[in-house]
Every structure is written in C-alpha cells, then in structure tokens.
Amino acid sequence: MQQTVSSRPTPGARKLFQIWSSIGLQSFGGGASTTFLIQRTFIDRYGWMTMEDFNQYWNLCLFAPGINLIALTVLIGRRLGGVTGIIASLVGLLLPSATITCLMAAGFVQIQHLPVVHAILRGVIPATAGIMGVVAFNFARPVIQRAYKEGKAQTFLSLALILLSALALIYFNLPVVVVLPCTALLGMLLFTPWRSRPTPSTPPSAREQEEIAHD
Amino acid sequence: MIDPLLYFLLFFKATLFSSGGFSNLPSLHQDLLARRWATDTDFSESVAIGQISPGPNGLWVISLGYLTYGYLGALLALVAITLPPLIVLLVSALYRQIERQRWVPGFMRGISLAVVGISLTVCWTILHQPGIDWLGWLIAIAAFAVALSKRVNFLLLLSIAGLMGYLLYR
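Chains A and B are the protein sequences, given in the same order.
Residue numbers for the first sequence follow the working numbering, beginning at 1 and rising by one.
Residue numbers for the second sequence follow the working numbering, beginning at 216 and rising by one.
Quick caveat, the hints were computed from the structure, so don't treat them as lab data.
So the derived list for chain A, only partly shown, Cβ under 7 Å to chain B, looks like this:
hint: 1; residue: Leu-60
hint: 2; residue: Cys-61
hint: 3; residue: Ile-70
hint: 4; residue: Ser-97
hint: 5; residue: Ala-127
All residues carry an ideal CB built from backbone N, CA and C; glycine is no exception.
In isolation and in its complexed conformation, chain B is listed as follows (with noise of 0.2 Å):
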C-alpha cells in the first residue's frame, strides 16, 4: 500500500526544507496523514522514543520510519535525514570565497553570538518543560558543575541524573 519511492521522497523533501532536528515534523504530519499513512499517535510516539534513545533529537524520524513502515521505513527515514546535510559542503565551499571580505568576521562574529543566546534559550526551554519543580534545577545546576568539570564520565552522569529522578519522582 505505501509506495516506498514516494515515501522516501516525502522524507527527504521535508528534511531539505527544514533547519534542525524538529522543524521537518510539520511537512511529514501533513504529507503523511493525507495518504493515511501514519497516525497522530505515530508522531507523538516517534517524538517520545527520539527524547529517550541515543543521538541527536532528530533522529525521532528513525521511530517514525519504523511505526509506520517497519524496519524498511526506518531505513529509508535515516537515508532521507543523512543527505541534505551534506550540502553544508557546498556552504563551506561558499564560505571560503567570501571569508577575505572585510564584513565576513563581524558577521560570523554576530552568529556565534547567536549560536551563544539560542543554546542558552534551549536550556531554558529544557527546564520550562512540565514536571521540572525546583528539584530539577538543582539537578541541572549540579550537571552543570560536573560536567564542566571534566572529571566524570558522561553515561555516570546520565546514569546518576536518572537515579535521581528515580528516587525523587518514582
């Protein structure tokens, strides 16, 4: 019933029209659901699984791949999210022609201090999240001090963090 070319397509076109990890969601909602092939839940469940696997929070489009197409659809999911980044070469090409320019430094200079105030705004978006009373925070500031501290290893961290919330929360 789905037809595998175009179900790649739909995904690789919202991946090419899209900048991060979530912001391809709306095109393959709307896509996807006109031809009944996914379902509300589908993309609720695919957001969930992406919060708690490994990687980047874009691959929630792998669990998606996978609920509504099986293991196929997982593979054409993680092929459609792998190429349009590539173009980045193409950008970085671009960007040694025009690094000489006298405007070139200011300009990168103002989107790393963007990058800057859009990382800060992610935590605060983490820490507005419902569930996250004043326990949260004090598990946020203490992750925050032992991982700048570089002297513990990143899944004891984790691991600690989830035993935490464990004790406190269960």
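Extracted from the complex, chain A is given alone in its bound form (with noise of 0.2 Å):
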C-alpha cells in the first residue's frame, strides 16, 4: 500500500486548485457533503492518500481552532505540493465557494420565503444526514478492521467507545471539547500495551510490517 502510494504521481498546483475547487462547488449540504467529496477523490479516484492517513490528519484537524476542513485542506495540501500545494488547495475550497456564498447572500433576501426553496431544502437536507453516514462509516472501517485483527476483546472496546461518546453527545448533552478528550484517555487506557515492552523487534510488530507489505 505504502508504495503504490508513494509511486502515484503528484498533482501540480493547477490541479489541486481544479480538484479542490470542484470539492468546493460540489459540496452543497455543508461539511458531511465536503468530508464526503474529498474521502472519495483523494482516496478512492486518485488513492494519494489512504484512509488511515486521512483519519490521522483529521485526529489532528481536531487540535486547531477554526473551520477544521481548512485544517484538513492544509494538511492535505502540503502533502501534495509542499506550501505552494497549500496555497493552491485553499484558494481551490474557498474562493469560488466564498464568492458564491457572496453572490446567494444578495440574492437570498428576495427567494429565502419561496415554498419552492423550503420543499427542496427538505429533500436535501436528510439526503446530506445519509451522506454523513457514510462519512461515519469510512471513519470507521480502518479503526474497526484493525480491532476485528486484535481480537473479540479490542472489537467489543473499540464498538464501545463509538457508542458511549455517541451517547455523551446526544442525550447527555455533553460538549464536544468535554467528550473528544475523555474517549482519547480511555483509549490510551485501553489500547496502550502497559506491561510488554517497547522493543522494536517484538513479533507483533514483525506482523504488522509483514501486513503493511501485503496490503
């Protein structure tokens, strides 16, 4: 995986501002539609990057203030084209769909009470609901996959974790800044190998190289 990854050929800053900005005109819906759009072209069409990736790149998104997709596009960005491929993605997201932010501004005052607008927007918006099922669902597979390898033990742990702090933010109403750092510490409970030690050699890690090599 890791060599087909790294023998991909890299986007020029052109085409990341064509790619990026095509993800940015697209995604109509918000952030699901947007999250949505750039798992499938990074991953899926042009496979620069894999999914693991694309959850660690997001875990850290998660640290900085603002918008975290523009986090995300910088990250991505830069992987891709070093500062000049950070520059060309964020003009890509953002200028045109800011300029047509702009331009629906104006002209929102005159259609926002039209029944047409409202009868669409009720189509749209359960469809972006199931969009971000599949977001939920790309999230997932590498972190659930990897446990379902480990044992029944780590599968039930992971499942748990997703469940509870799904739980924390809906019907306890808890703040995700409250429940992003508390699942972390569970999980560095629970998945930390407290007592082997951190040899290089161990077998374990032998299995996983050998796995990387085989994917």
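Assembly of the complex is requested from the two constituent chains, each provided in isolation within its own frame, with the hints serving as guidance.
In structure tokens:
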C-alpha cells in the first residue's frame, strides 16, 4: 500500500486548485458533503492517501482552531505539494465557494420565503444526513478492521467507545470539547500495551510490517 | 462608520478561539451587536445562507461579512477564517515529536473512535430537525446506500434529493 501511494505521480498546483475548487463547488449541504467528496477524491479516485492517513490528519485537525475542514485542506495540500500545494488547495476550496456564498447572500433575501426553496431543502437536508452516515462509516472502517484483527475484546471495546461518545453527545448533551479528550484518555488507558516492553523487534511489530507489505 | 481593521480583528479573534464552523458565532454576535455593526436578522440569515451555499458550513461567516459590510466584509471574513486553521501545521509538528511515545497510538485511537461517534451524532442531529418526517428518513437511508455504492455522481444525488423534496413537500 505504501509503495503504491508513493509511486503515484503527485499533482501540480494547477491540478490541486482544480480538484479543490470542484470539491468546494459541489459540496452543497455543508461539511458532510465536503468531507465525503474529499474522501472519495483523494482516497478512492486518485489513491494519493489511505483512509488511515485521512483519520490521522482529521485527528490533528481537531486540535486546530476554526473550521476543521480548512485545517484538513492545509494538511492534504502540504502532503501533495508543499507550501504551493497549501496555497493552491486553500484558494481552490475557498475562493469559488465563498464567491457563490457571497452572491447567494445578495440574492437570498428575495428567495428565502418561497415555498419551493423550503420544499427542495426538505429533500436535500436528510440526504446530507445519509452522506454523513457514509463519512462515519469510512471513519469507522480502518479502526474497526484493526480491532477485529486484534481480537474480540478489542472489537468490543472499540464499538463501546463509539457508542459511549455518541450517547454522551446525544443524550447527555455534553460538548465535543469534553467528550473528545475523555474518549482519547479512555483509548489511551485501554489500548496502550502497558505491560510489554517497547522493543522494536517483537513478533507483533514484525507481523504488522508484513501486513503493510501485503496490503 | 465600521473600522475595517477592528472588524477584521473581531472576526479573527472569534475564529481563533473557536473549534468547528459555528462556535465562533457567540463571540461575533456579542461583539458586532454591541457596536451595532450587525443585527440579529443578519445572523439568522447568514446561518441559513451557509446551509444552502456550497462549501463547509463555516462559510456562513462570509455571508455575515457581506450582509454587514458588503464585499469588503466578505473578503475580511474569508481571510479571518482561513488563517487560524493554519495552526494545524504546528499541531502536526508537535505530533511528530511525540508520536513514538508509548501512550500516543492508544490516545489517537480513542480520538478516531470519538470521531465516529461525533459523525453519528451529526447524522442524528440533522434527522431531528423540524420538518423531517419518515419520508425524510427514507431519503436519508436511500442517500446513504447510493453514496456508499460510489456509483452515482454526487451532484446528481443531491439534485435527486432536492427533486424528491420538491415533489413531496411543495
């Protein structure tokens, strides 16, 4: 997997700009659509990164202020084109869609009360929930697959932590800034092999390397 | 009447101390209303525009900029929301310093699991908005299946959903 990723030709600044503006302009319905399109484009279509890379980037973005998707754009842009890549990706994602947002703001006052607009939105909004479901599924797949390989206990713990964080948010209305670090700490306590010595050539790590080679 | 530098700094401050697209709203609301640079209507309208316009939800700030201070306001808002996320480069450098620590993989794994939980919560929240009935749930399930199969163009998927909404609810 690693080799195939690195042997793919990386895009130039112009290509990055094109890709990101197409993502920005297509992603009606907000962040769910944007995240879905980023996953589909960079992982499935071009194979420039894996879902594991994506998960790791996203985790880092949660620690940056402001819109997480902009931070994600920065990290992917840097991976694929350095500083030029960051600028091309940011301008591509933001400028066309911000211009349209601006123009819509100018026209919105006239159309916002039309029943047609509300009817259309009542179809589009639940569709974005379904798209968010796919995003959640994509986020879950690598973590769950890894736990499944490690055994039943790890799989159970992983599913329990997902359920626990969702319940904490939905039923107890806890803010994300509380739920996120708590789940991270639980993950640290439950998944860190506290007893084993951190020697680099233990059988599990050798097996892991083999798996990476075979993937 | 509006001081462009202060206007920019208020947007910048609100974003710098926020996490996610809407959490800069309270700070902006407080600061702009206190100076009479925005009204409550400006806020509700720009959040609504942010929902129907393309791009991340957080771009609602662009329409707030436009409604309160014209094209210059939109531009200042755009710059103000673009700069703070660059801090992720610092976060990523810090992560590289600590990633070999024994506790880090488990910690990151916990975050990945919480991210799944958060994403599921977003689905739940969207489906519990007013105006979403059982037909809305059907649209959501159909959209999930279609998006998962990766066969249908994305804009086509959203257009069909919009058309369904028009036919069912007009």
